[in-house]
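Undergrad: Sequence:
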Amino acid sequence: MSGGMIVVGMADLNVTRAPGVLTTLGLGSCVGIALYDSVTKIAGLAHIMLPDSKQIQNNTNVAKFADTAMVKMIQDMIKLGAGKDRLKAKIAGGAQMFAYNSTNENMRIGDRNVEATKKLLSLLHIPLLASETGENFGRTVELYADDGRFYIKTIGHGNKVL
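When you line the sequence shown up against numbering that gives the first Met the number 0, it's residues 0 to 161, in that order.
If you're looking for bench data, these hints aren't it; they were derived computationally from the structure.
Just so you know, not all the hints are guaranteed correct.
[Stated by the list, open to error] Computed list of lysine-lysine pairs in DSS-like fashion (alpha-carbon distance at most 27 angstroms, straight line):
1) K117 x K71
2) K152 x K53
3) K117 x K87
Could you build the full structure based on these sequences and the hints that come with them?
TA: Given below as C-alpha coordinates:
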(Lines of atoms letter the chains of each structure in order from A and count residues from 1; the text may use other names and numbers.)
(Lines give C-alpha, C1' and ligand atoms only; values in the text may rest on other atoms or scores of the structure.)
Protein backbone atom coordinates (compact mmCIF):
# COMPACT_ATOMS: atom_id res chain seq x y z
CA MET A 1 0.00 0.00 0.00
CA SER A 2 2.91 2.38 -0.28
CA GLY A 3 4.80 3.97 -3.15
CA GLY A 4 3.44 5.10 -6.50
CA MET A 5 0.13 6.62 -7.49
CA ILE A 6 -2.99 4.92 -6.09
CA VAL A 7 -6.21 5.75 -7.92
CA VAL A 8 -9.31 6.15 -5.76
CA GLY A 9 -12.42 5.60 -7.86
CA MET A 10 -15.85 7.18 -7.46
CA ALA A 11 -17.53 5.99 -4.23
CA ASP A 12 -14.17 4.57 -3.14
CA LEU A 13 -11.48 5.25 -0.55
CA ASN A 14 -7.91 4.21 0.14
CA VAL A 15 -5.06 4.90 2.54
CA THR A 16 -1.28 4.89 2.12
CA ARG A 17 1.93 5.93 3.81
CA ALA A 18 4.83 7.95 2.41
CA PRO A 19 5.94 7.99 -0.36
CA GLY A 20 2.50 7.00 -1.65
CA VAL A 21 0.24 9.36 -3.58
CA LEU A 22 -3.55 9.03 -3.64
CA THR A 23 -5.51 10.52 -6.53
CA THR A 24 -9.14 10.75 -7.54
CA LEU A 25 -10.34 11.98 -10.91
CA GLY A 26 -13.29 14.09 -11.93
CA LEU A 27 -14.78 15.36 -8.69
CA GLY A 28 -17.98 17.15 -9.74
CA SER A 29 -20.68 17.29 -7.09
CA CYS A 30 -18.73 14.57 -5.27
CA VAL A 31 -16.30 15.58 -2.53
CA GLY A 32 -12.73 14.39 -2.12
CA ILE A 33 -11.93 14.11 1.59
CA ALA A 34 -8.22 14.03 2.36
CA LEU A 35 -7.03 13.09 5.86
CA TYR A 36 -3.40 13.25 6.91
CA ASP A 37 -1.23 12.41 9.92
CA SER A 38 1.99 14.44 9.60
CA VAL A 39 3.83 12.43 12.28
CA THR A 40 3.44 8.98 10.70
CA LYS A 41 3.01 10.38 7.15
CA ILE A 42 -0.15 8.34 6.63
CA ALA A 43 -2.75 9.69 4.23
CA GLY A 44 -6.31 8.75 3.33
CA LEU A 45 -8.53 9.88 0.48
CA ALA A 46 -12.26 9.24 -0.02
CA HIS A 47 -14.35 10.14 -3.08
CA ILE A 48 -17.85 10.47 -1.64
CA MET A 49 -20.98 10.83 -3.77
CA LEU A 50 -23.72 11.48 -1.21
CA PRO A 51 -23.92 13.16 2.20
CA ASP A 52 -25.74 10.61 4.34
CA SER A 53 -26.11 6.81 4.18
CA LYS A 54 -29.18 6.91 6.44
CA GLN A 55 -31.34 8.52 3.74
CA ILE A 56 -30.68 5.86 1.09
CA GLN A 57 -32.00 2.29 0.91
CA ASN A 58 -29.07 0.77 -1.00
CA ASN A 59 -26.25 1.91 1.28
CA THR A 60 -23.94 -1.12 1.34
CA ASN A 61 -21.00 0.76 -0.22
CA VAL A 62 -19.58 2.65 2.78
CA ALA A 63 -17.24 4.73 0.58
CA LYS A 64 -20.20 6.29 -1.24
CA PHE A 65 -21.39 8.39 1.71
CA ALA A 66 -19.66 11.09 3.75
CA ASP A 67 -20.74 9.67 7.12
CA THR A 68 -19.64 6.07 6.57
CA ALA A 69 -16.61 6.75 4.34
CA MET A 70 -14.95 8.99 6.91
CA VAL A 71 -15.35 6.44 9.72
CA LYS A 72 -13.95 3.62 7.55
CA MET A 73 -11.04 5.74 6.30
CA ILE A 74 -10.08 6.73 9.86
CA GLN A 75 -10.18 3.05 10.93
CA ASP A 76 -7.95 2.08 7.98
CA MET A 77 -5.49 4.88 8.77
CA ILE A 78 -5.30 3.87 12.45
CA LYS A 79 -4.56 0.26 11.36
CA LEU A 80 -1.54 1.63 9.45
CA GLY A 81 -0.40 3.52 12.58
CA ALA A 82 -2.01 6.95 12.28
CA GLY A 83 -3.20 8.75 15.42
CA LYS A 84 -6.81 9.96 15.24
CA ASP A 85 -5.92 12.99 17.40
CA ARG A 86 -3.30 14.04 14.82
CA LEU A 87 -5.50 13.86 11.72
CA LYS A 88 -6.02 17.01 9.68
CA ALA A 89 -8.40 17.37 6.73
CA LYS A 90 -8.53 19.10 3.37
CA ILE A 91 -11.48 18.83 1.00
CA ALA A 92 -12.25 19.58 -2.64
CA GLY A 93 -15.21 19.21 -4.97
CA GLY A 94 -18.87 19.77 -4.23
CA ALA A 95 -19.43 21.64 -7.49
CA GLN A 96 -22.83 22.48 -8.89
CA MET A 97 -22.35 20.93 -12.31
CA PHE A 98 -25.77 21.76 -13.79
CA ALA A 99 -28.11 24.74 -13.75
CA TYR A 100 -31.12 24.09 -11.56
CA ASN A 101 -34.07 25.64 -9.80
CA SER A 102 -32.69 26.51 -6.36
CA THR A 103 -35.92 25.51 -4.61
CA ASN A 104 -35.18 21.81 -5.24
CA GLU A 105 -33.05 20.63 -2.32
CA ASN A 106 -32.18 17.33 -4.05
CA MET A 107 -30.39 19.18 -6.84
CA ARG A 108 -28.00 20.88 -4.38
CA ILE A 109 -26.02 17.67 -3.99
CA GLY A 110 -22.60 19.38 -4.20
CA ASP A 111 -23.48 21.87 -1.45
CA ARG A 112 -25.03 19.13 0.67
CA ASN A 113 -21.92 16.94 0.30
CA VAL A 114 -19.69 19.82 1.44
CA GLU A 115 -21.98 20.71 4.37
CA ALA A 116 -22.17 17.08 5.53
CA THR A 117 -18.39 16.65 5.26
CA LYS A 118 -17.67 19.81 7.27
CA LYS A 119 -20.23 18.83 9.92
CA LEU A 120 -18.71 15.35 10.26
CA LEU A 121 -15.17 16.69 10.55
CA SER A 122 -16.37 18.97 13.32
CA LEU A 123 -18.15 16.12 15.15
CA LEU A 124 -15.01 13.97 14.85
CA HIS A 125 -12.81 16.86 16.06
CA ILE A 126 -10.69 16.80 12.90
CA PRO A 127 -9.54 20.29 11.89
CA LEU A 128 -10.30 21.33 8.30
CA LEU A 129 -7.13 23.09 7.15
CA ALA A 130 -8.24 24.02 3.64
CA SER A 131 -11.02 23.57 1.13
CA GLU A 132 -11.59 24.19 -2.57
CA THR A 133 -15.30 23.61 -3.10
CA GLY A 134 -18.34 24.82 -4.99
CA GLU A 135 -18.28 26.65 -8.33
CA ASN A 136 -19.38 24.79 -11.46
CA PHE A 137 -16.33 22.85 -12.63
CA GLY A 138 -14.76 19.47 -11.94
CA ARG A 139 -11.53 18.82 -10.11
CA THR A 140 -8.90 16.08 -9.99
CA VAL A 141 -6.90 15.85 -6.76
CA GLU A 142 -3.67 14.25 -5.58
CA LEU A 143 -2.75 13.75 -1.91
CA TYR A 144 0.96 13.27 -1.19
CA ALA A 145 1.65 11.17 1.90
CA ASP A 146 5.22 12.49 2.27
CA ASP A 147 4.10 16.02 3.22
CA GLY A 148 0.28 16.21 3.07
CA ARG A 149 0.24 18.32 -0.10
CA PHE A 150 -3.24 18.34 -1.67
CA TYR A 151 -2.79 19.19 -5.34
CA ILE A 152 -5.95 20.27 -7.20
CA LYS A 153 -6.12 20.28 -11.00
CA THR A 154 -8.92 21.82 -13.05
CA ILE A 155 -9.53 22.36 -16.74
CA GLY A 156 -9.69 26.06 -17.49
CA HIS A 157 -9.51 27.17 -13.84
CA GLY A 158 -5.84 26.58 -13.03
CA ASN A 159 -4.16 24.29 -10.54
CA LYS A 160 -3.39 24.89 -6.88
CA VAL A 161 -1.86 23.26 -3.84
CA LEU A 162 -3.65 23.26 -0.48
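Undergrad: Compare the structure with each hint and give your call.
TA: Cross-check of the supplied hints:
no., hint, result
1, K117 x K71, "holds (17 angstroms)"
2, K152 x K53, "violated (32 angstroms)"
3, K117 x K87, "holds (12 angstroms)"
Checked against the numbered hints listed earlier, the structure breaks hint 2 alone; every other hint is satisfied.
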